[in-house]
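Asker: Residues per chain are reported as follows:
There are 2 protein chains.
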Amino acid sequence: MSKRLLAALAGEAVWPPPVWLMRQAGRYLPEYRALRAEARDFIDLCTTPRLATAVTLQPVRRFGFDAAILFSDILILPWALGQDLRFAEGEGPLLAPLRDATGLAALDPGRVAAAVAPVLETVARVREAVGEAALIGFAGAPFTVACYMVEGRGGDFATARALAWRDPVLFGELIDLLTAATTTYLLAQAKAGAEALMLFDSWAGLLPAAQFAAYVTAPATRIAAALRAERPDVPLIGFPRLAGMALGTYAAATGVQGLGLDTAVDPLLATGAVPAPVALQGNLDPLALLVGGDALAAGIEAILEVMQGRPHIFNLGHGVLPQTPPEHVADLVQRVRAA
Amino acid sequence: MSKRLLAALAGEAVWPPPVWLMRQAGRYLPEYRALRAEARDFIDLCTTPRLATAVTLQPVRRFGFDAAILFSDILILPWALGQDLRFAEGEGPLLAPLRDATGLAALDPGRVAAAVAPVLETVARVREAVGEAALIGFAGAPFTVACYMVEGRGGDFATARALAWRDPVLFGELIDLLTAATTTYLLAQAKAGAEALMLFDSWAGLLPAAQFAAYVTAPATRIAAALRAERPDVPLIGFPRLAGMALGTYAAATGVQGLGLDTAVDPLLATGAVPAPVALQGNLDPLALLVGGDALAAGIEAILEVMQGRPHIFNLGHGVLPQTPPEHVADLVQRVRAA
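Protein chains in written order, with the working numbering: chain A, 2 to 340; chain B, 2 to 340.
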């Protein structure tokens, strides 16, 4: 019998739906904070297989989720390509901004394999220990990763988006480089033991239509095609956050097996725009989970009601917030399992 | 002959389309910065008819836009309701946060008329001087205004959105109060001389479907119905920013005469979702205007190509950025007029 998450990604209307949460491993868990203290810094945590494996498995052990998602970060790839990266306490990621052809030329795809070796080792270790849960590997999508690389930090990415308008050739070359590197990286995760893959395009919704097509849909289509050719057994979940009306086009063009819905997507409209067998994953408001109680119950119910009878993976529409009480997460799992 | 903007809002495919820009009056203009220096603070600028009138008219005089939009702020209404508000230099608006029933009870709709009298005086003065341009009045939509009122400042509005989950009765009462006050305020602007009205729901896209229906679509529907009943001669432009797939439902439910499209909306998909006679307004990326040159030309062309033959009002998808060179704005107007 196949794992529940993989069955949903194969187009089965598994019910009650498999459930996991974006950022299910993280600061809201005391056992995470304990292990985090053992690492020098965040990159050290992501690249120390003993720690990253334990952190990945913590929420699966505690809550019985249907999936473990590799504990890592979307910026591990630029770091592996040679871009300076640090995570400053309370400030988020800081990178040495890439603003021109010299910065692009300094990226070295040849060093990625060695740099990500510990991450792949984590994938292998988690796979061995994960039991009935499915192991999801992931990467940031080229556009979102490019945003951080050009801007040098989070925010509204005005510098990165201005560069896309000012120098579309350079920006396109960066996207192309990332598309190739991301494909290689995801295939390596599949080889190491990932049973499904997810592509996070957290900032896709910032783009006007033509740029969305060029920098979000086209790269995802190429990545998905390469994965299908090499590893048709490993399904891909696309997550073009805030894609709005473009969701249907994205799903059809890329041929992803699963589509992540952000909080703002109306599940009913999504089922119309993206028909089965694509599994729709999402999309409870993380704030409903934070608040808990009746809000949580109502939020869950509104989604399950619409998704019943079609392939669905229950999740949030964005990551678990750090202040979320762990008991609310336990309550969520229990409520979804009672569907 | 009716003004070009009003003809488009009446459903005519006016071509070349009327053009104006969100935040067309503001910091990117040296003549704005000069007048801004004459005011004590931002609220003083908004409530001194001599200054607000001049600032409103500056971009119309300089660029020949088809519309003047009242120079004011969406937070003038909470300020008029009695909530403490100040605009701190470089920090944006700061309000005394409204978090409970006591805060709600402290709001006094009875004081609005006197507080906004100078704003209405500005409307009357601008109308007298506006010539062939049309005068647009505006207000913030209840949800977006409530976000600032509860949070006390800009950002991701997590406190406000959590309150909507935690205490939907209180949040609903705040929305109801704002819906009534906004209706009264917009009708007063129409009486003072506004020829069209716009309802800015800048943060509508943060909401899950059920809350979007309750806090965005329903209030806008009530406001639009009241305006149609009292002033059928004054069209309304709705702007539920980042509404994504919900745009079509919003337009149909509210019956707005114009619909603002944010930068992320694919114009082609919008024309399918929102048929004529609704005028679609937007939606050039403000970054394309900032960059100028080929980017600006390409961005404009992509929109005009789709909108030709249907009622359209050329605009940005969000406000003019403060660093925008004024000559790029002149170039934009010239290019749109050459369509």
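If you're looking for bench data, these hints aren't it; they were derived computationally from the structure. Accuracy of the hints is not assured; some may be wrong.
Facing chain B, a subset of chain A residues (Cβ under 7 Å, in silico) [stated by the list, open to error]:
{"id": "1", "residue": "L95"}
{"id": "2", "residue": "L96"}
{"id": "3", "residue": "R128"}
{"id": "4", "residue": "P209"}
{"id": "5", "residue": "A211"}
{"id": "6", "residue": "M246"}
{"id": "7", "residue": "D286"}
{"id": "8", "residue": "L288"}
{"id": "9", "residue": "A296"}
{"id": "10", "residue": "A298"}
Selected chain A positions facing chain B (Cβ under 10 Å, derived; list incomplete) [claimed, not checked]:
{"id": "11", "residue": "W166"}
{"id": "12", "residue": "L178"}
{"id": "13", "residue": "A181"}
{"id": "14", "residue": "A244"}
{"id": "15", "residue": "T250"}
{"id": "16", "residue": "A253"}
{"id": "17", "residue": "V266"}
{"id": "18", "residue": "A289"}
{"id": "19", "residue": "A299"}
{"id": "20", "residue": "L322"}
{"id": "21", "residue": "P326"}
{"id": "22", "residue": "P327"}
Residues of chain A clear of chain B, computed beta-carbon distances all greater than 10 Å [said to hold, decoys possible]:
{"id": "23", "residue": "G27"}
{"id": "24", "residue": "P31"}
{"id": "25", "residue": "I44"}
{"id": "26", "residue": "A107"}
{"id": "27", "residue": "R162"}
{"id": "28", "residue": "A189"}
{"id": "29", "residue": "F213"}
{"id": "30", "residue": "R223"}
{"id": "31", "residue": "A227"}
{"id": "32", "residue": "G318"}
Here a beta-carbon is modelled for each residue, glycine too, at the ideal position from N, C-alpha and C.
Asker: For the restraint on A/A181, tell me whether the closest CB of chain B is nearer than 10 Å.
Answerer: 26 Å, violated
Asker: Holds or violated: is the Cβ of A/A227 farther than 10 Å from all Cβ atoms of chain B?
Answerer: 26 Å, holds
Asker: Does A/L288 pass the interface hint, meaning its C-beta sits closer than 7 Å to a C-beta of chain B?
Answerer: 5 Å, holds
Asker: Hey, is A/P31 genuinely clear of chain B, shortest beta carbon separation above 10 Å?
Answerer: With a cut-off of 10 Å, A/P31 remains clear of chain B, as the shortest Cβ separation is near 22 Å.
Asker: Hint A/A296 vs chain B: min CB-CB distance below 7 Å?
Answerer: 4 Å, holds
Asker: Measuring from the C-beta of A/T250 to each C-beta in chain B, is the shortest one below 10 Å?
Answerer: 8 Å, holds
Asker: At a threshold of 10 Å, is the proposed contact between A/L178 and chain B supported by beta-carbon distances?
Answerer: Where the cut-off is 10 Å and the nearest Cβ of chain B is about 22 Å from A/L178, the hint is violated.
Asker: Does A/G27 clear chain B by more than 10 Å, comparing its Cβ with all Cβ atoms of that chain?
Answerer: Label holds. Min Cβ-Cβ 16 Å, cutoff 10 Å.
Asker: Hold the hint about A/D286 up to the distance rule: shortest CB distance to chain B must be less than 7 Å.
Answerer: OK, holds: A/D286 within 7 Å of chain B, min 5 Å.
Asker: How about A/A299: closest beta carbon in chain B under 10 Å, or not?
Answerer: 8 Å, holds
Asker: How about A/L322: closest beta carbon in chain B under 10 Å, or not?
Answerer: 8 Å, holds
Asker: Per the stated criterion, does the least C-beta distance between A/A107 and chain B lie above 10 Å, as a non-interface residue requires?
Answerer: Given a closest Cβ separation of 24 Å, the condition holds.
Checked against the numbered hints given earlier, this structure breaks hints 1, 2, 3, 10, 12, 13, 16, 21, 22, 27, 29, 32; the rest are met.
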